[in-house]
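Guided by the hints, dock chain E onto chain A, whose structure is given.
Number of protein chains: 2
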Amino acid sequence: MSDDDRHREKMAKRKAVQDAEVAQKTIEKGLLIVHTGPGKGKSTAAWGLMLRALGRGWRVGVVQFIKGAWDTGEKHALKAFGDQIDWHTLGEGFTWETQDKARDIAAAQAAWAEAERLLADESIRLVILDELNIALRYDYLNVDAVVAALQARRPDLHVVVTGRNAKPVLIEAADLVTEMGNVKHHFSAGVKAQEGIEF
Amino acid sequence: MSDDDRHREKMAKRKAVQDAEVAQKTIEKGLLIVHTGPGKGKSTAAWGLMLRALGRGWRVGVVQFIKGAWDTGEKHALKAFGDQIDWHTLGEGFTWETQDKARDIAAAQAAWAEAERLLADESIRLVILDELNIALRYDYLNVDAVVAALQARRPDLHVVVTGRNAKPVLIEAADLVTEMGNVKHHFSAGVKAQEGIEF
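Protein sequence lines correspond, in order, to chains A and E.
Each number in the working numbering comes from the position in the first sequence (counting from 1) with 3 added on.
Each number in the working numbering comes from the position in the second sequence (counting from 1) with 3 added on.
Simulated from the structure, these hints should not be mistaken for lab results.
Among these hints, one or two may not hold up.
In this list, chains with the same sequence are indistinguishable; a pair is considered to hold if it fits within one copy or across any two.
Below, simulated DSBU-like cross-link-like pairs (lysine-lysine); rule was C-alpha separation at most 30 angstroms, straight line [stated by the list, open to error]:
(1) K32 <-> K170
(2) K18 <-> K195
(3) K170 <-> K104
(4) K195 <-> K104
(5) K78 <-> K104
(6) K170 <-> K78
(7) K187 <-> K32
(8) K18 <-> K32
(9) K78 <-> K32
(10) K170 <-> K187
(11) K82 <-> K104
Isolated chain A (complex conformation) (with noise of 0.2 angstroms):
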């Protein structure tokens, strides 16, 4: 048999349990997907998916738990699909830059209320809640009640929560969880963030 021939074969099998394996997957409900983990990408593939999304013609609400503070790419380049974003940026950085818990607590509360009201929005397809595990393992919110009211959303709506450390009741929680490990960073080589790349 030539090479052409048994790479033919090789792929046709590949091919058929692929087939096989899709043709058993015959749900559709709404996801809640974690992105959690050291690495980077937890955000920003939460913004991919936000793309992917919009270019379905879906509206898709955002609630920034924590980096509201900063002057991101990704905020401006929001401008190009209008309404179909309803963006809410209620953190004020990461804890130790206030260095006020009540402060803290109150602003992950209000990001808080603003969310359940973007779950409750019918015209919502996708909502993303960035880096609320970070409000989760501070204890700014009860996660008990965060995830219950998660699992109580409308069927066909779409989650996707982002930071590190998720809580193991929002992992049981969901249907599909992605850890961003750290392979290598260029922080490590005095690097620094870069406009474009990173924010």
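Relative to the frame of chain A, chain E by itself:
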């Protein structure tokens, strides 16, 4: 000392450590970024980076080595950015879809020729080589030649390479490598790939 004071003191120390770390990072350079691993989010995080770069007014070049035949939400969304994006889809689907090795090699080489053109285009500040790792894994392209070309790029040009099974020589050459790990996947629960989320 009150709970609030303890919090303030702890966070002030943390802020001092953060600020000192940030101050040490002074190098600015174009980054070679790799998104690899078996989990979701490799291409999606690249689209998030693209959105951030577009928001900064940059031109972005994209070559899709594999998934070209798919009709994706992100492709629809790009219309909003017009000439800011130079997008090329040269792959015809995963290699088990075509089952024709010679055709796949020709497609990979045509995609790489397009990538070289984008790398040389001085109006472009970010180049995304989506699923290049798949073409390298099957040896459709010579990894040493590809890595040499990436290392010879303009010093301020950012490049993102996606796809599982990144080759060690590429990881060695990269500034930032994130491994997307699959903690939990809805396919295992019989849920199908969802429009607006996965494509």
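Provide an ascending list of the numbers of those earlier hints which the structure does not satisfy. Going through the list in order, the structure violates hint 11 alone and respects the others.
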